[in-house]
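Novice: So you can see what is in the structure, the chains are spelled out below.
2 protein chains.
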Amino acid sequence: MSLMTVGSVAFDAIETPFGKTDKIIGGAGTFIALSSSNFVKEQKIISVVGDDFPQEMLDVLAARGVDLTGLQIKQGEKTFFWSGRYHNDMNSRDTLVTELNVLEHFDPIIPESCQNVEFLMLGNLTPTVQRTVIERLKVRPKLIAMDTMNFWMDIMMDELKKTLKLIDVLIINDEEARQLSGEYSLKKASKVIREMGPKYLIIKKGEHGALLFHGEQTFFAPALPLEEVFDPTGAGDTFAGGFIGYLAATGEVSFDNMKRAIIAGSALASFSVEKFGTERLLEISQKDIEQRIEEFISLTNFEMVQIV
Amino acid sequence: MSLMTVGSVAFDAIETPFGKTDKIIGGAGTFIALSSSNFVKEQKIISVVGDDFPQEMLDVLAARGVDLTGLQIKQGEKTFFWSGRYHNDMNSRDTLVTELNVLEHFDPIIPESCQNVEFLMLGNLTPTVQRTVIERLKVRPKLIAMDTMNFWMDIMMDELKKTLKLIDVLIINDEEARQLSGEYSLKKASKVIREMGPKYLIIKKGEHGALLFHGEQTFFAPALPLEEVFDPTGAGDTFAGGFIGYLAATGEVSFDNMKRAIIAGSALASFSVEKFGTERLLEISQKDIEQRIEEFISLTNFEMVQIV
Numbered sequence: 001m002s003l004m005t006v007g008s009v010a011f012d013a014i015e016t017p018f019g020k021t022d023k024i025i026g027g028a029g030t031f032i033a034l035s036s037s038n039f040v041k042e043q044k045i046i047s048v049v050g051d052d053f054p055q056e057m058l059d060v061l062a063a064r065g066v067d068l069t070g071l072q073i074k075q076g077e078k079t080f081f082w083s084g085r086y087h088n089d090m091n092s093r094d095t096l097v098t099e100l101n102v103l104e105h106f107d108p109i110i111p112e113s114c115q116n117v118e119f120l121m122l123g124n125l126t127p128t129v130q131r132t133v134i135e136r137l138k139v140r141p142k143l144i145a146m147d148t149m150n151f152w153m154d155i156m157m158d159e160l161k162k163t164l165k166l167i168d169v170l171i172i173n174d175e176e177a178r179q180l181s182g183e184y185s186l187k188k189a190s191k192v193i194r195e196m197g198p199k200y201l202i203i204k205k206g207e208h209g210a211l212l213f214h215g216e217q218t219f220f221a222p223a224l225p226l227e228e229v230f231d232p233t234g235a236g237d238t239f240a241g242g243f244i245g246y247l248a249a250t251g252e253v254s255f256d257n258m259k260r261a262i263i264a265g266s267a268l269a270s271f272s273v274e275k276f277g278t279e280r281l282l283e284i285s286q287k288d289i290e291q292r293i294e295e296f297i298s299l300t301n302f303e304m305v306q307i308v
Numbered sequence: 001m002s003l004m005t006v007g008s009v010a011f012d013a014i015e016t017p018f019g020k021t022d023k024i025i026g027g028a029g030t031f032i033a034l035s036s037s038n039f040v041k042e043q044k045i046i047s048v049v050g051d052d053f054p055q056e057m058l059d060v061l062a063a064r065g066v067d068l069t070g071l072q073i074k075q076g077e078k079t080f081f082w083s084g085r086y087h088n089d090m091n092s093r094d095t096l097v098t099e100l101n102v103l104e105h106f107d108p109i110i111p112e113s114c115q116n117v118e119f120l121m122l123g124n125l126t127p128t129v130q131r132t133v134i135e136r137l138k139v140r141p142k143l144i145a146m147d148t149m150n151f152w153m154d155i156m157m158d159e160l161k162k163t164l165k166l167i168d169v170l171i172i173n174d175e176e177a178r179q180l181s182g183e184y185s186l187k188k189a190s191k192v193i194r195e196m197g198p199k200y201l202i203i204k205k206g207e208h209g210a211l212l213f214h215g216e217q218t219f220f221a222p223a224l225p226l227e228e229v230f231d232p233t234g235a236g237d238t239f240a241g242g243f244i245g246y247l248a249a250t251g252e253v254s255f256d257n258m259k260r261a262i263i264a265g266s267a268l269a270s271f272s273v274e275k276f277g278t279e280r281l282l283e284i285s286q287k288d289i290e291q292r293i294e295e296f297i298s299l300t301n302f303e304m305v306q307i308v
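If you're matching them up, the sequences are chains A and B in order.
Anchor point for the first sequence: position 256 equals 256 in our numbering, and the numbering is continuous, going up by one each time.
Anchor point for the second sequence: position 27 equals 27 in our numbering, and the numbering is continuous, going up by one each time.
It cannot be assumed that every hint is accurate.
Copies of one chain are not kept apart here, so a pair can be met inside one copy or by any two copies together.
In silico SDA-like links for lysine to any residue, alpha-carbon gap of 20 Å or less [to be verified]: (1) Lys259 / Pro17; (2) Lys191 / Ile155; (3) Lys142 / Lys287; (4) Lys199 / Ser92; (5) Lys138 / Thr21; (6) Lys187 / Pro225; (7) Lys74 / Lys199; (8) Lys20 / Leu96; (9) Lys191 / Pro225; (10) Lys199 / Thr16; (11) Lys205 / Asp174; (12) Lys161 / Glu295; (13) Lys275 / Met153; (14) Lys161 / Glu294; (15) Lys23 / Glu112; (16) Lys199 / Lys259.
The hints are simulated quantities; they were obtained by calculation from the structure and are not laboratory data.
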């Protein structure tokens, strides 16, 4: 089924304990589209770049079935740029530079060819832009999933809450879930947040896996224990891309299928952290992904037997 | 198959954000024996108390099939006492009082009736006492599992390493695994620690579940998302008790059976935190445990389908 992603296509510069990069390709939209392209053969993207963005990367996206009609290229302007430095534990980071550039006045125009999508993934952006996209769609998608971050909770909680009312699946991390709900227990937080709109809530816990909440049901997805996390940038977006890509490819919106979609997303994310930026995502094959999914199955699979 | 536990039988006084207790029954040996008694109908315990320890609790243990021949009652001496206060997040705590009392000169005497056990659980005690027990057994048990803590790593690492050489399964938490190995990545830590002796390593991650490592195999057990953790005291011991009790009841030492044993231990531990001390463990029925295990199964169960 048809999939559309809204999210930044950008430059990153990253420092980790393992090394640093110059400006490399990043952005939530980029990671989501690259990740989901492993499952869906055609998709749309709504985004904006400046005239400094390399044509080669646009060609890579197009070759993977990403329709770029909705990607605005602003002549004379510069692409969004973020630079950050990870701490030794790789779980926290400092932002060194944020240059909004083309994102500052981003108006998400939806070309006619991007109408009538069935699955919509709203990558992390201002909640206002995210809501504008929903409002500009003539037909509501079958499923709207959304990522956000603590920054928007700090500075525009009211806008965020308006957008949350319109979506189906919210994907955030544990700290964000605690901030958004005011509850420490993730189980309690999941109830508070689902009263704000989304019927499904995914809470990402990094190296501790992810939780899916819906109604009275809960699913706990593991994370693969890794020897080394080389660069966590984009891991959350890669997860979201694998998740929505799997859903769009299978077309089924159900708790059971979301469980599978989370495993697919977790598998993709586990590759993403192995190298800087999008590098690893551009290398992996269908076979690599299948093997990684097998590892997730064996990681959590058990069968109880009755003790007499 | 026969099971023996070595561990403290003690008094605790606990403060949490939800309330505080006077002196109540605690101790690693108590929690392990109560928890494992859900799976094994007869077991031994090696421990020591003073003459201030209530006969009622000894009767409770005996009624659950715990042979108290190896429990020394020191006339004119006092039972081990620990008091602690949990912080608001319930993940960290301050020790307020530690009175070693009878534990200070604890000599773990093994009565003849406690020889020839097949499963041995060494609860957290000085590594020297733990090793003494192993050395005093005429026949090596089929499986020796052991718990320890960062305190012993701080003050007697050499003794701890000598004891680790003699055991099969080490059960510690993530911080302890990092301290013992000097590695941040739990996967790397698991290799370093297993080179110290134990062929199986269980790393407990509290609300994030537990990992089992053996050879090249890894298993990730979830923790049940709880609305409230009322009192975490003894949760780790309850986990260990459920684990070793399940293994002893089924008799099979294999990776697959240890996965089941970890789920059993996790289920028991999820009850233990619901009330102060041993209170909840003394209430639950076989049916409660089976239902909780079913919750764990549905929490992690998924089936992937092939995407064409």
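Novice: Determine for every hint whether it applies to the structure shown.
Specialist: Hint check:
Taking the shortest alpha-carbon separations for lysine 259 and proline 17, neither the intra-copy value of 33 Å nor the inter-copy value of 35 Å comes in at or below 20 Å. For the identical chains of this complex, lysine 191 and isoleucine 155 are neighbours neither inside a copy (23 Å) nor across copies (45 Å), given an alpha-carbon limit of 20 Å. Neither within a single protomer nor between protomers do lysine 142 and lysine 287 lie at most 20 Å apart by alpha-carbon distance, with minima of 30 Å and 41 Å respectively. When the C-alpha separation of lysine 199 and serine 92 is checked against a cutoff of 20 Å, the pair qualifies neither within a copy, at 29 Å, nor between copies, at 33 Å.
For the homomeric pair lysine 138 and threonine 21, neither the shortest alpha-carbon distance inside one copy (42 Å) nor that between copies (61 Å) is at most 20 Å. Taking the shortest Cα distances, lysine 187 and proline 225 sit within 20 Å of each other only across copies (6 Å), while inside one copy they are farther apart (24 Å). For a Cα distance limit of 20 Å, the shortest separation of lysine 74 from lysine 199 qualifies neither inside one copy, at 37 Å, nor across copies, at 60 Å. Within a single copy, lysine 20 and leucine 96 get their C-alpha atoms as close as 13 Å, which meets the 20 Å cut-off; across copies the closest is 46 Å, which misses it.
For a Cα distance limit of 20 Å, the shortest separation of lysine 191 from proline 225 across copies, 12 Å, qualifies, whereas the shortest one inside one copy, 29 Å, does not. In the homo-oligomer, the alpha carbons of lysine 199 and threonine 16 never lie at most 20 Å apart, since the shortest distance is 36 Å inside one protomer and 33 Å across protomers. Taking the closest pair of Cα atoms, lysine 205 and aspartate 174 come within 20 Å of each other both inside a single copy (6 Å) and across two copies (15 Å). With identical chains, the CA atoms of lysine 161 and glutamate 295 are never at most 20 Å apart, being 38 Å at best within one copy and 32 Å at best between copies.
In this homomeric assembly, lysine 275 and methionine 153 never come within 20 Å of each other (Cα to Cα): the closest approach is 30 Å inside a single copy and 35 Å across copies. For the identical chains of this complex, lysine 161 and glutamate 294 are neighbours neither inside a copy (38 Å) nor across copies (36 Å), given an alpha-carbon limit of 20 Å. Proximity of lysine 23 and glutamate 112 under a CA criterion of 20 Å is satisfied in neither setting, with 33 Å inside one chain copy and 72 Å between copies. When the C-alpha separation of lysine 199 and lysine 259 is checked against a cutoff of 20 Å, the pair qualifies only within one copy, where the shortest distance is 15 Å, while the shortest distance between copies is 33 Å.
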